[in-house]
Amino acid sequence: MNNSSSTRRSGDVILDLRAISLSFGGVKALTDISFDVREHEIRAIIGPNGAGKSSMLNVINGVYRPQQGEIIYRGQHLRDMDTHAAAESGIARTFQNIALFKGMTVLDNIMTGRNLKMQSNFLMQALYIGPARREENAHRIKVEEVIDFLEIQHIRKTPVGRLPYGLQKRVELGRALAAEPQILLLDEPMAGMNVEEKQDMCRFILDVNEQFGTTIVLIEHDMGVVMDISDRVVVLDYGKKIGDGTPDEIRSNQDVINAYLGVAH
Amino acid sequence: MVETNKQATDTFPRLLQQHALTRPTHPAFREKHLGIWQTTSWADVETHVRLLACGLAALGFKRGMNLAVVGDNRPRLYWAMAAAQSLGGVAVPLYQDAPAADMAYVLENAEIDFAIVEDQEQVDKLLEIRQTVKGLTHIVYDDGRGLRNYTQSGVHSFDSVQALGKVHDQDHPDFFQQQIDLGQTNDIAVILYTSGTTGKPKGVCHSHAAMIATGHTLIEFDKVSANDEVLCYLPLAWVGDFLYSFAMSHIAGFCLNCPESPATVASDLREIGPTYYFGPPRIYENILTQVMIRIEDASAIKRSLFYYFMRVARRVGLKLLDGKESVSLIDRVLYSLGDLLIYGPLKNVLGMSRIKVAYTGGEAIGPDLFDFYRSIGINLKQLYGMTETCVTVCMQRSGDVKLDTVGRPMTGVEVKIADGGEVLVRSPGLMVGYYKKPEDTAEAIDAEGYFHTGDAGFFDADGHLKIIDRAKDVGKMSDGTLFAPKYIENKLKFFPFIKEAVAFGDGRSSCNVFINIDMEAVGNWAERRNLAYSGYSDLASQATVYELIAECVEKVNADLAHDALLSGSQVHRFLILHKELDPDDDELTRTRKVRRRFISEKYAILIEALYDGRERQFIETQVKFEDGRQGIISADLEIRNTKTFGATRKAA
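Residue numbers (the numbering used here), protein chains in the order written: chain A, 1 to 265; chain B, 1 to 652.
No lab work stands behind these hints, which were simulated from the structure alone.
Because the structure is a prediction, the values reported are computed rather than measured.
Just so you know, not all the hints are guaranteed correct.
Restricting the straight-line Cα-Cα distance to at most 25 Å, the calculated cross-link-like pairs of lysine-lysine (BS3-like) are [said to hold, decoys possible]: (1) B/K555 / B/K643; (2) B/K319 / B/K476; (3) B/K476 / B/K437; (4) B/K125 / A/K198; (5) A/K157 / B/K347.
Starting from the given sequences, assemble the full structure and let the hints guide the process.
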């Protein structure tokens with residue numbers, strides 16, 4: 001784990017956010033925020049509660065449309081991207097509050113992540129004939145790879161609602177991975193986990209990044225985790241960017257220390 | 001049975017070659033990959049082993065070297081052991097969850113140059129150890145996940161070593177066969193490190209001859225054939241896995257099934273349906289607990305059906321299994337009906353439908369537990385042995401099973417009881433010695449070739465061996481009768497309400513005990529009776545709980561009264577401790593064994609109170625909390641007298 005971060009290759013800028021402002025009525029959620037994400041890197045967004053972290057993710061995958069600013073993804077200006085377009089262009093995400101289908105098995109939940117890759121139409125899938133059948137087999141292999149990768153073989157056939165929280169988080173990551181994303185947005189992947197679960201999740205995130213070269217943007221509260229696994233960190237406070245740099249730079253940035261890590265009184 | 005051309009099959013590599021020749025397409029290994037069982041035939045296994053062995057040789061593995069193997073039960077790790085043996089080397093499987101310090105000690109002691117491990121976790125661990133331990137140069141991993149960017153020297157993937165081996169094999173086509181031909185049956189095949197509750201782990205060296213001879217004995221004993229199925233799920237480093245999985249499959253030619261992951265063992269068991277099974281009592285207990293929990297959740301009809309047929313099973317099943325007593329036609333019909341409705345489906349769910357023989361050993365098994373499995377038609381039997389003797393000292397013969405013995409000595413095994421009661425063993429499966437520890441070896445194996453087991457036991461009237469305790473713990477009561485604390489403690493612990501017990505009596509006139517209640521079981525019991533309690537200490541001090549435990553103790557006394565040798569050890573007085581015995585407070589070892597001496601010093605005041613007839617005793621105890629803080633808990637403990645069964649006691 002230690003040496004993988006040092007040798008990780010960061011590529012060109014894949015996602016560039018320029019002067020993003022987002023407001024809901026009179027409330028300014030984000031004000032003039034610019035930062036970029038390079039290919040293959042792990043980019044963390046940190047900040048106190050209400051700083052606009054989740055809003056930022058929502059802007060990236062098209063849930064919110066910023067009133068000002070532009071998003072350049074792989075050289076293309078995306079002003080009016082919606083969630084569907086975002087998913088099709090290779091952006092997958094997990095949610096702060098788990099958003100899985102509780103009554104479905106782990107396998108089926110992860111299979112839904114393959115939805116966009118399915119070619120056959122609804123009727124053929126329902127009848128399970130011809131190409132739909134072959135297609136499902138191919139997708140199943142992919143899903144099994146994800147299951148193997150996340151080490152959740154033992155709960156393959158378990159309904160998600162019966163699983164403990166930490167495992168549900170892992171399944172959600174699995175569903176995002178099944179879409180074979182270019183960019184993976186993780187909204188507090190380790191919230192509410194114990195130390196061991198956090199370590200596991202860290203390892204999975206690093207492994208995803210290393211094995212598949214997936215670019216990862218994550219929001220996380222645990223400073224230890226952020227400093228350990230990210231390549232670069234952007235810090236938000238009250239909707240404004242107050243810091244941007246490597247973990248070491250952030251650690252010594254006075255504004256950040258004041259806003260987030262606390263001021264000594 | 002296997003063709004017994006002795007010359008050709010006296011080492012494991014030769015056995016492997018023989019299977020590749022005689023049953024090339026027969027499955028040798030099965031492993032689940034991406035949710036589907038993948039089979040490797042004996043011929044393919046030979047090819048894999050050949051390539052790996054040649055690859056290792058190309059990297060510099062020489063005759064007589066030791067190969068460390070660390071990981072879960074993966075086919076490739078078994079092939080690694082076979083490859084080492086093919087080259088005249090020794091397989092040294094290690095416990096993968098051992099602390100780095102212990103592992104470092106073993107790697108240093110065994111002078112390991114090469115290690116084959118499962119995944120990144122172990123590679124990291126070994127790389128860390130490599131900084132301090134000289135010699136360890138090559139680390140080969142099976143699963144390459146997360147290892148792509150490792151640039152350290154000597155870290156290889158399994159595939160790359162096999163690729164090296166392919167080239168080496170093409171350049172030196174005779175090399176592999178020559179190496180196998182050089183192998184001698186008395187060469188060391190495997191070194192198994194014993195966990196070592198006292199001091200450093202010791203490496204137990206077993207020759208090909210010892211393992212193969214033992215394997216043949218076992219195969220004959222239970223008529224094992226190539227068509228049997230075994231699920232290997234116990235640690236590679238444990239002697240039982242090497243014997244029951246590796247050695248026996250090499251002899252009989254049956255298929256080894258490797259679980260997908262340690263967490264999927266239960267479902268894999270069901271999918272494979274093994275025919276030969278070994279598990280420590282703990283595993284059988286867990287399975288039964290799972291079953292009972294689900295039964296309690298089932299509908300009333302199902303539940304009553306289950307309990308009715310389980311009563312039938314208890315009455316009839318054991319007799320049918322042993323085949324000694326006659327069973328009435330009505331009972332037979334009832335039992336068949338039960339088999340159709342309850343036992344059959346239950347065994348199917350547990351993955352035990354096809355079990356011919358199942359073994360348990362290592363610890364005493366509770367009577368209810370033992371009878372449960374046997375009554376539903378699972379031929380569960382007990383055995384006795386240790387790493388040094390290739391397990392296999394005594395085993396229960398089918399149809400000749402007793403709860404509290406471990407059976408008769410196996411063919412070729414001589415068992416003798418020393419004057420002090422210690423069990424001595426001489427057998428073809430006896431170890432060659434402890435690795436690089438001649439003094440320890442000399443201490444363990446006497447001049448006549450008997451191994452001193454350190455266990456105390458005796459033969460009962462039918463010639464079955466009965467193990468009662470560790471020899472060093474066995475004492476004498478003041479009237480000279482035998483006192484075996486663990487035997488009494490085990491009897492107490494078979495009650496679900498009693499979690500831990502510590503018996504005193506050495507050099508004293510009577511046996512008295514400390515008891516720890518099982519928080520879960522007693523808590524449940526209390527809830528059903530609407531007893532309010534705030535925590536362990538509170539629950540443990542309630543009068544009704546004392547009643548409950550007193551009943552258990554008296555049942556044990558009644559049972560002991562029947563035993564001529566041990567009836568003197570009936571429990572006269574007991575108390576329920578105010579705190580749970582805990583490894584953090586040094587009262588138990590990490591493997592949860594009672595540290596007798598420490599406890600008797602720490603709680604000297606309570607022991608005194610037990611023996612001088614006091615009815616209550618106040619005590620203050622220092623405890624360590626989980627977060628490292630220290631605290632004091634105090635309690636005023638009640639001491640109870642229990643009924644003993646005097647008449648038979650005097651007779652002893």
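Against the structure, the hints come out as follows:
no.: 1; hint: B/K555 / B/K643; result: holds (9 Å)
no.: 2; hint: B/K319 / B/K476; result: violated (38 Å)
no.: 3; hint: B/K476 / B/K437; result: violated (33 Å)
no.: 4; hint: B/K125 / A/K198; result: holds (20 Å)
no.: 5; hint: A/K157 / B/K347; result: holds (21 Å)
Of the numbered hints listed earlier, those contradicted by the structure are 2, 3.
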